[in-house]
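Sequence order for the protein chains is A and B. The first sequence begins at 0 in numbering that gives the first Met the number 0 and counts up by one. The second sequence begins at 0 in numbering that gives the first Met the number 0 and counts up by one.
Calculated from the structure, these hints are not laboratory results. It is possible that some hints are incorrect.
List of simulated lysine-lysine pairs, PhoX-like, C-alpha gap at most 20 Å [unchecked claim]: (1) Lys400(B) with Lys474(B); (2) Lys319(B) with Lys65(A); (3) Lys514(B) with Lys319(B); (4) Lys72(A) with Lys474(B); (5) Lys474(B) with Lys321(B); (6) Lys400(B) with Lys3(A); (7) Lys72(A) with Lys400(B); (8) Lys91(B) with Lys159(B); (9) Lys321(B) with Lys65(A).
Given next are the chains, with one letter for each unit.
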Amino acid sequence: MNEKEHWLARSSTIRWLWRVFALMLAAVVLWQLWTPVHGHFGIDGLFGFHAAYGFLACVGMVLFAKLLGVFLKRPEDYYDRDV
Amino acid sequence: MFEIILPPAFFLIFGAILVAIVRPALRPVVALLAPLVTLYAIWQVEDGVRLAVSFLGYEVQLVEGGPLRRLFATIFALMAFGGVIFSLRDAKWWELSAALAYAAGAVGVSFAGDLIVMFVFWEFMALFSTVVIWSGGTEAARRAGIRYVIMHLVGGIVLKIGIEGLMIHTGSVEIRALSLESFDTWMILIGLLVNAAAPPISAWLPDAYPESTPTGGVWLSAFTTKTAVLALILLFPGTELLIYVGLWMIFYGIIYALLENDMRRILSYSIVNQVGFMVCGVGIGTEMALNGAAAHAFTHILYKALLFMSAGAVLAATGKRKCSDLGGLFRTMPLTTLCGVIGALSISAFPLTSGFVSKSLIVQAAGDEHLLWVWFLLVAASAGVFLHAGIKFPWFVFFQKDSGLRPPEAPWNMRIAMIFFAALCLLIGLFPALLYRLLPYPVDYIPYTQEHVLTQLQLLLFAGLAFFVMLPWMKRTLTITLDTDWFWRVAASRLYRIIERLANALRARLEQGAKDAVASLSARLMRSHGAEGVLARTWPTGSMLLWSVSFLLVLVVIGARMSAG
Numbered sequence: 000m001n002e003k004e005h006w007l008a009r010s011s012t013i014r015w016l017w018r019v020f021a022l023m024l025a026a027v028v029l030w031q032l033w034t035p036v037h038g039h040f041g042i043d044g045l046f047g048f049h050a051a052y053g054f055l056a057c058v059g060m061v062l063f064a065k066l067l068g069v070f071l072k073r074p075e076d077y078y079d080r081d082v
Numbered sequence: 000m001f002e003i004i005l006p007p008a009f010f011l012i013f014g015a016i017l018v019a020i021v022r023p024a025l026r027p028v029v030a031l032l033a034p035l036v037t038l039y040a041i042w043q044v045e046d047g048v049r050l051a052v053s054f055l056g057y058e059v060q061l062v063e064g065g066p067l068r069r070l071f072a073t074i075f076a077l078m079a080f081g082g083v084i085f086s087l088r089d090a091k092w093w094e095l096s097a098a099l100a101y102a103a104g105a106v107g108v109s110f111a112g113d114l115i116v117m118f119v120f121w122e123f124m125a126l127f128s129t130v131v132i133w134s135g136g137t138e139a140a141r142r143a144g145i146r147y148v149i150m151h152l153v154g155g156i157v158l159k160i161g162i163e164g165l166m167i168h169t170g171s172v173e174i175r176a177l178s179l180e181s182f183d184t185w186m187i188l189i190g191l192l193v194n195a196a197a198p199p200i201s202a203w204l205p206d207a208y209p210e211s212t213p214t215g216g217v218w219l220s221a222f223t224t225k226t227a228v229l230a231l232i233l234l235f236p237g238t239e240l241l242i243y244v245g246l247w248m249i250f251y252g253i254i255y256a257l258l259e260n261d262m263r264r265i266l267s268y269s270i271v272n273q274v275g276f277m278v279c280g281v282g283i284g285t286e287m288a289l290n291g292a293a294a295h296a297f298t299h300i301l302y303k304a305l306l307f308m309s310a311g312a313v314l315a316a317t318g319k320r321k322c323s324d325l326g327g328l329f330r331t332m333p334l335t336t337l338c339g340v341i342g343a344l345s346i347s348a349f350p351l352t353s354g355f356v357s358k359s360l361i362v363q364a365a366g367d368e369h370l371l372w373v374w375f376l377l378v379a380a381s382a383g384v385f386l387h388a389g390i391k392f393p394w395f396v397f398f399q400k401d402s403g404l405r406p407p408e409a410p411w412n413m414r415i416a417m418i419f420f421a422a423l424c425l426l427i428g429l430f431p432a433l434l435y436r437l438l439p440y441p442v443d444y445i446p447y448t449q450e451h452v453l454t455q456l457q458l459l460l461f462a463g464l465a466f467f468v469m470l471p472w473m474k475r476t477l478t479i480t481l482d483t484d485w486f487w488r489v490a491a492s493r494l495y496r497i498i499e500r501l502a503n504a505l506r507a508r509l510e511q512g513a514k515d516a517v518a519s520l521s522a523r524l525m526r527s528h529g530a531e532g533v534l535a536r537t538w539p540t541g542s543m544l545l546w547s548v549s550f551l552l553v554l555v556v557i558g559a560r561m562s563a564g
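Pulled out of the complex, with its shape left as it was, chain A reads as follows:
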């Protein structure tokens, strides 16, 4: 392909985007130093709770989906062959 790589797909841009993302992650956690969070249940008011919980919940769901996939995934034409 001769066309020039789109600026958004250049590896330099992607590296740069990762840096910005890391900064944002740090910023939203540090923001909590200034803004106390009053949770409903105590634990959800802890420093960085939502960050850790969001991350771990997602990792858990991906792993669970992966596990379920072992049992429930079938080839795409599964329903077409059996009829």
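With the hints as your guide, set chain B onto chain A.
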């Protein structure tokens, strides 16, 4: 007593009929006007029962107004308007006509004053949504449509059993809050939950919707499940069971979407997920939660239609539907990408988008009621929404690898529809009061507090981090995932075949047994009655005479002895 007005749904029905019969050049005009006139009519309906007619000895209430009903009817009409803009170049006349009739059913249910009217429009939706699915035109669409319509007609029968039971046992078909204390109300609840795509039959939705045309999917995403949510709010507010049903739907949607490769099936699972939030809100049942369920239905229709529009535009331009075939489309479809991303951010409830101001009401209600586990699960699911729909959909369709596809940008009408809905998503996100004013109960809630924005951003951005960290695990595979529909698509036919085989074996056995019995009987008959049988032999007449004389002799002797005695 009642002012004479036409039910707003009738305008859409007229529109649907006109679209089918007018000249092609006039079709877009009629199709665009019908939802607008309907929208005007919707806002003329005042609170209370406005139109009742006598039908089979019953007074049926065709139109009953109210803030909740107006809210749902409004979004249905808006949706129809946006849907027409999106579809008017590509959709065939029958698809457009059926889609308008389908929307009419949803508007009709919104204003239904009693269960009879609700049921009639409910079935109206089932029929015309099936036509929209069949408009997909493929063999897969035909089969999926048949499965879909069977499911909905069976659900309709269950609903009807409940309504008739209630009519007989209580004498009233008023729409009011019911409690789960009788068989009738259980039947009604089950009938409603079929349309809400609740477990265990959620599979009808991701089975059927992705088989529609690129434009049909946009319509299908909006009406059926959200009218079910409205009916649940009206009939079963605060039913605790719905909390668990909703939570199940939420996680079912996330997990199955994570495993899915077809882009519109990802979005379909995500409908089940989002409707789960609403059902959960109905189950919590406080004013805040019911407001949340209604608000979320409103915003959801906008961003889900927007997501289906961007997916439809991609499908129309590339003819491809699998994530594994797509990617890198942002190069040539920048506007579709941007609108898809806005839809994705909205469904993820990012601050400044519509999802943020509506979903928060439900989560806040769970917190206010101190429902510890419900709250924790809802928050985890909010992160999961970003994972499966918020990032996964746009990432795999528009970014990830360069698929080499260079499709043209979507045509002008699709662009206008997407911009319209994206703008509405942002407008509600920026000015939540616009939506809050329409909710059934007064809203005493401010979504934009530092605390709330902060916690939501932490949750979502770290969910995003999890996505990219786990990306190797999310690699798309050319697979489908088994669901409960396996039971009726495979197990049922296998069971049928087993029964058939057993029945055949039994029949063969019986047949053989009968043959054997006949054979042995005939052999026995042959032995006695056959040519050589004892009973068939010829006897000489002489022996007959001999025997007769002997008998006579014996009789004479006996007679003589008796008279002598």
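How the hints compare with the structure:
no.: 1; hint: Lys400(B) with Lys474(B); in the structure: 11 Å, holds
no.: 2; hint: Lys319(B) with Lys65(A); in the structure: 25 Å, violated
no.: 3; hint: Lys514(B) with Lys319(B); in the structure: 60 Å, violated
no.: 4; hint: Lys72(A) with Lys474(B); in the structure: 14 Å, holds
no.: 5; hint: Lys474(B) with Lys321(B); in the structure: 12 Å, holds
no.: 6; hint: Lys400(B) with Lys3(A); in the structure: 16 Å, holds
no.: 7; hint: Lys72(A) with Lys400(B); in the structure: 24 Å, violated
no.: 8; hint: Lys91(B) with Lys159(B); in the structure: 33 Å, violated
no.: 9; hint: Lys321(B) with Lys65(A); in the structure: 19 Å, holds
Comparing the model with each earlier hint shows violations of hints 2, 3, 7 and 8; every other hint is respected.
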